[in-house]
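In the order they appear, the protein sequences are chains A and B.
First residue of the first sequence: 4, per this note's numbering; consecutive thereafter.
First residue of the second sequence: 5, per this note's numbering; consecutive thereafter.
Because the hints were derived from the structure by calculation, they are not lab data.
Mixed in with the good hints there might be a few duds.
One-sided and incomplete, this derived list gives chain B residues near chain A with beta-carbon spacing under 7 Å [as the list claims (entries may be wrong)]:
1. V15
2. A209
3. V211
4. P231
5. S232
6. L243
7. E291
8. A336
9. S381
Taking CB as the label site, the calculated pair distances span [as the list claims (entries may be wrong)]:
10. A:I76 <-> B:G53: 40 to 48 Å
11. B:S141 <-> A:M154: 38 to 46 Å
12. A:G171 <-> B:G53: 48 to 56 Å
13. A:I96 <-> B:A88: 19 to 27 Å
14. A:Y50 <-> B:L197: 38 to 46 Å
15. B:M227 <-> A:I96: 24 to 32 Å
16. B:P12 <-> A:F115: 24 to 32 Å
17. B:L197 <-> A:Q92: 24 to 32 Å
18. B:P242 <-> A:I13: 46 to 54 Å
19. B:L197 <-> A:I96: 22 to 30 Å
20. A:R84 <-> B:G342: 45 to 53 Å
21. A:F115 <-> B:P37: 17 to 25 Å
22. B:G342 <-> A:L69: 37 to 45 Å
23. B:V379 <-> A:G38: 19 to 27 Å
Output of the computed footprint for chain B on chain A, the stretches with three or more beta carbons under 8 Å from beta carbons of chain B [said to hold, decoys possible]:
24. 74–80
25. 100–108
26. 158–167
27. 208–216
28. 224–233
Where a beta carbon is used, it is the ideal one built from N, C-alpha and C, also for glycine.
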Amino acid sequence: MMRVWLTPVIWFALLGVLAAFLPAMGSLFSWVQPGTDDLVYSRDSFYLLLQSHAWLVLVSATIGTLVAVSAGIFVTRPWGRDFLPLVSQIASIGQTVPPVAVLALAVPALGFGEKPTLLALALYGLLPILRNTLAGMDGINPGVLEAARGMGMSPAGVLFKVEFPLAGRVILAGIRTSVTINIATAAIGSTIGARTLGDPVIAGLVNGNTAYVLQGAILIGLLALATDSLFEAVERLWARRSLAV
Amino acid sequence: MPVSTAMPNRVIPVLALAALGLVWVLDLGVVLPNRIVAGTGYGLYGATGWAGAFVVTALLLAAGLLATRPVPKRFPVLAVLLTAALMFLPLLLEALATRRLPADSAYARIGIGAGFWSLAFFLALMLTETMHQLKASRHLQLTAALLIILGWWVCARREGLGSLSLLREYNNQADQFTQALSVHLLLSLGAVLISAVLAFILALAMVRRKSWRRPLLGLVSFMQTIPSLALFGLLIAPLAALSEALPVLQALGIRGIGWAPALLALIAYSLLPMVRNTFIALMEVPEAVVDAARGMGMSERQIFFQVKLSLALPVIIEGVRITTIQAIGLTAVAALIGAGGFGTFIFQGLGQAAMDLVLLGALPTVFLALAADAVLSALNVRRAPGD
């Protein structure tokens, strides 16, 4: 059971250790940026950037999940079913729009900073979750729901004891996609004034300092891989549990 | 006759009411004294006067009401009404320009407000729902979209909208715009093409050799997980070093920044959807079909090209569609490492706080992605019924 968690723990540990010790490893970066002493990004600590990056992704994923799952429930009930075709079209057409464009368009609408980034991330991130929620809920065999109702289950009972367990894995896969996209988009968010691990990369690109770029890029990559392996572990546990039942 | 014709539609009235609320609350447009300074916002009434406000309000109410009435032919009427409304929507901004733009300033310009975008968005949603109720063919939907684009193009060429800041920004940068378009297309389509060839070879190898499947799929999904900014960044140092070491590469223009790392990263990202779809498509050709073909005396070569590949094509094209959309978006990010394309306008605009420059980069990027989606989906629909 515990072995499932081994990979994510290793990734996150590596991420934490690097975030803490990168400043001390400055001389290692002298090969990419010879001829300068300015080898470590120092405007903010990497920890602070990591924290703020993770916070942005976490909050936007939470908002996105809540909104998408509620919308998914709404359009699969009898009284909301009229909206199902439109909502599923919004989910699929919306995903055609590139995330960086959503981020850029948030600025004319809302200005620079953390909040526009958060809103753009939540808005864009809810689309894959919405799409998977619809696929999961709509894909349930109607006979199963009929049987649950026939057993005398209340609508809420059917939702929580039948529909969620059956659609859960697909919804979780949607959240995983959404978080992967948002970790990447949040990094670009530093161009619109959010404080993220993209800061060193952007600063390095602007000043021609490859050491900065590398430091930011390594940490962003590690954050993405660590998070992805966490989802992998959760999905594996889920699969094992549903097999056991 | 479908049941829906007789039933009141609840979706369109809800959308119409939402649009009505937003268009009355938000600013339709902004009058800006120059390129950077924030301007004065005008709502629907302030921007277009009572005539414009009446037309917009009446149109939304009529559309909402019509949808609830069991009138025959209401959806065709709605389709025409909404398409026409969308076509001529920019005239609202022209009204703002004629009424509110100071005549004595050469720098004053009109910015597009949240009210305008909301109205356009909700009208588009109402049209989408109408098309769904009509069970409209892809041709009809495409025609409506093209009519709307034509309408906007005609409006943009009118004298009255010359003061629209987005158009001014475009006129300032017309040459760069054309160049950005060609770089953007070249980079994204080039990456799609190269990765399609690579993915096809990899997928064939995976079909033949079972032991390659897991490691190859693992590798391409690993690359997909790495955020774009990080991958672009990570490629800079090795490519710079390579280009220092090999003068041949330098002569070709391959450096740490620019198109080379962008193209490499784009190809890396394109591999996952391409390989996965091609592999699945080739694997899912039913064994019985292959047997039948063999029984008819087809050679292995004929079976591959005429049976397997043609059955697999829709799923492969779906992979190309996903990849192309993704590549168009990522190319915009690649502007950060100096690759050019529409992202250049986005990031320049963000740097200068010139919002219309941001729009000039972001809107064409969105448009390219939507157009690629439309074209490649249409290709698939045409092929799907058994040819």
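Structure-based check of all given hints:
Annotation: interface hint on V15 of chain B holds; nearest CB of chain A at approximately 5 Å, less than 7 Å. Using the Cβ-Cβ criterion of 7 Å, the hint placing A209 of chain B at the interface with chain A is not satisfied: the shortest such distance is roughly 25 Å. Of the supplied interface hints, the one on V211 of chain B is violated, with its beta-carbon coming no nearer than about 25 Å to a beta-carbon of chain A, more than 7 Å. Interface restraint check for P231 of chain B: the shortest CB-CB distance to chain A comes to about 3 Å, inside 7 Å, so the restraint holds.
Interface hint at S232 of chain B: satisfied, since its Cβ lies 5 Å from the closest Cβ of chain A, which is below the 7 Å cut-off. With its C-beta approaching chain A no nearer than about 11 Å, L243 of chain B sits outside the 7 Å limit, and its interface hint is violated. Among the interface hints, the one on E291 of chain B is violated; its C-beta lies about 26 Å from the nearest C-beta in chain A, farther than the 7 Å criterion. Checking A336 of chain B against chain A: minimum C-beta separation of about 5 Å stays under 7 Å; hint holds.
Violation of the interface hint for S381 of chain B is found here, the shortest Cβ-Cβ separation to chain A being roughly 10 Å, above the 7 Å cut-off. Checked against the hint of 40 to 48 Å, the pair I76 of chain A and G53 of chain B passes, with Cβ atoms roughly 44 Å apart. Under the hint 38 to 46 Å, the C-beta atoms of S141 of chain B and M154 of chain A, about 43 Å apart, fit the expected range. Between G171 of chain A and G53 of chain B the CB atoms are about 54 Å apart, so this pair conforms to the stated range of 48 to 56 Å.
A hinted range of 19 to 27 Å for the beta carbons of I96 of chain A and A88 of chain B is consistent with their spacing of about 22 Å. Our hint of 38 to 46 Å for Y50 of chain A and L197 of chain B holds, since their Cβ atoms are close to 43 Å apart. A hinted range of 24 to 32 Å holds for the C-beta pair M227 of chain B and I96 of chain A, which are about 27 Å apart. The hinted range of 24 to 32 Å is not satisfied by P12 of chain B and F115 of chain A, whose Cβ atoms lie roughly 45 Å apart.
Judged by the Cβ atoms, the range 24 to 32 Å given for L197 of chain B and Q92 of chain A holds: they are separated by roughly 30 Å. Checking the proposed 46 to 54 Å range against P242 of chain B and I13 of chain A shows it is violated: the Cβ atoms sit about 25 Å from each other. At about 25 Å, the beta-carbon gap between L197 of chain B and I96 of chain A stays in the expected band of 22 to 30 Å. Hint check: R84 of chain A to G342 of chain B, Cβ distance near 50 Å, so the stated range 45 to 53 Å holds.
For F115 of chain A and P37 of chain B, the hinted distance range of 17 to 25 Å is satisfied, since their beta carbons lie about 21 Å from each other. Distance hint check for G342 of chain B and L69 of chain A: the Cβ-Cβ separation is about 39 Å, which falls inside the suggested range of 37 to 45 Å. Between V379 of chain B and G38 of chain A the beta carbon distance is about 49 Å. The supplied range of 19 to 27 Å is therefore violated. Evaluation of the coverage hint for the stretch 74–80 of chain A: breached, as 0 residues show C-beta separations to chain B shorter than 8 Å, against a requirement of three.
Given as covered by chain B, the stretch 100–108 of chain A passes the check, having 7 residues with a CB less than 8 Å from a CB of that chain where 3 are the minimum. Given as covered by chain B, the stretch 158–167 of chain A fails the check, having 0 residues with a CB less than 8 Å from a CB of that chain where 3 are the minimum. Coverage of a stretch by a chain is defined here by at least three residues with a beta carbon nearer than 8 Å to that chain's beta carbons; for the stretch 208–216 of chain A and chain B the count is 3, and the condition holds. By the rule of at least three residues with a Cβ nearer than 8 Å to a Cβ of chain B, the coverage given for the stretch 224–233 of chain A holds, with 4 such residues.
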